[in-house]
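Residue strings, one per chain:
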Amino acid sequence: EAQVTQNPRYLITVTGKKLTVTCSQNMNHEYMSWYRQDPGLGLRQIYYSMNVEVTDKGDVPEGYKVSRKEKRNFPLILESPSPNQTSLYFCASSLIRTGLYEQYFGPGTRLTVT
Amino acid sequence: DQQVKQNSPSLSVQEGRISILNCDYTNSMFDYFLWYKKYPAEGPTFLISISSIKDKNEDGRFTVFLNKSAKHLSLHIVPSQPGDSAVYFCAADLAGALVFGKGTRLSVIA
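So the protein lines, in turn, are chains A and B.
Everything in the first sequence is counted per my numbering, starting at 1051 for the first residue and increasing by one.
Everything in the second sequence is counted per my numbering, starting at 55 for the first residue and increasing by one.
If you are wondering where the hints come from, they were derived from the structure by calculation, not from laboratory data.
Any given hint could turn out to be false.
[Unchecked claim] Listed next, the stretches of chain A that the computed footprint assigns to chain B, with coverage defined by at least 3 CB atoms under 8 Å from CB atoms of chain B:
#1 1106-1114
#2 1123-1134
#3 1149-1157
[Said to hold, decoys possible] No more than 25 Å apart at the CA atoms, straight line, and that leaves these computed lysine to any residue pairs for SDA-like:
#4 B:122 to A:1152
#5 B:108 to A:1080
#6 B:125 to B:82
#7 B:156 to A:1103
For every residue, glycine included, the Cβ atom is placed at its ideal position computed from N, Cα and C.
Make a model of the complete structure from these sequences and hints.
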């Protein structure tokens, strides 16, 4: 079954304690991305990756890091989480070819930073 | 400054009728436009996309229309079903950078 998985699904942590949210896809997609969803602000892109070892900043990259060492994995790293990073996070992978664009989202990770 | 706008926060439609969801954008360089629906506590579900070189794309009950001169796209759902009730997002892509509208809540009334 084609899918995007994220772990953990729920996380409560304290300010300053480093954390990693994992994301994995089994569709061999080159493109992967991270988003956060906040009330009144909708979905905003944090980082994206067009291929292995290629990452770019989205709209709201501050306070986040990513890495893309393998095609299937795209972890999101918060080196020193702060309360304003409390949000619902989604990972996605995409198939992009000339004239074709399909994107699949993971189930989300709800992060609370106290 | 919002590059992608969905000006209607909500829409109600009778079952069996057409639902039309609208989206406006400001950047003429966007390559692709996408539509998603989202249920609470789930990730967005991709519905349909359209390349900037096309003006229409159809997939089953879903059709997306793109009017580049007006910088406007719309999603038509025909016929609307109660299960279509969800929040719908449009998004625009420029070389991998994806910008979303804030969504329109569609309610399909039986």
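So which of those numbered hints doesn't the model satisfy? Violated: hints 2, 7.
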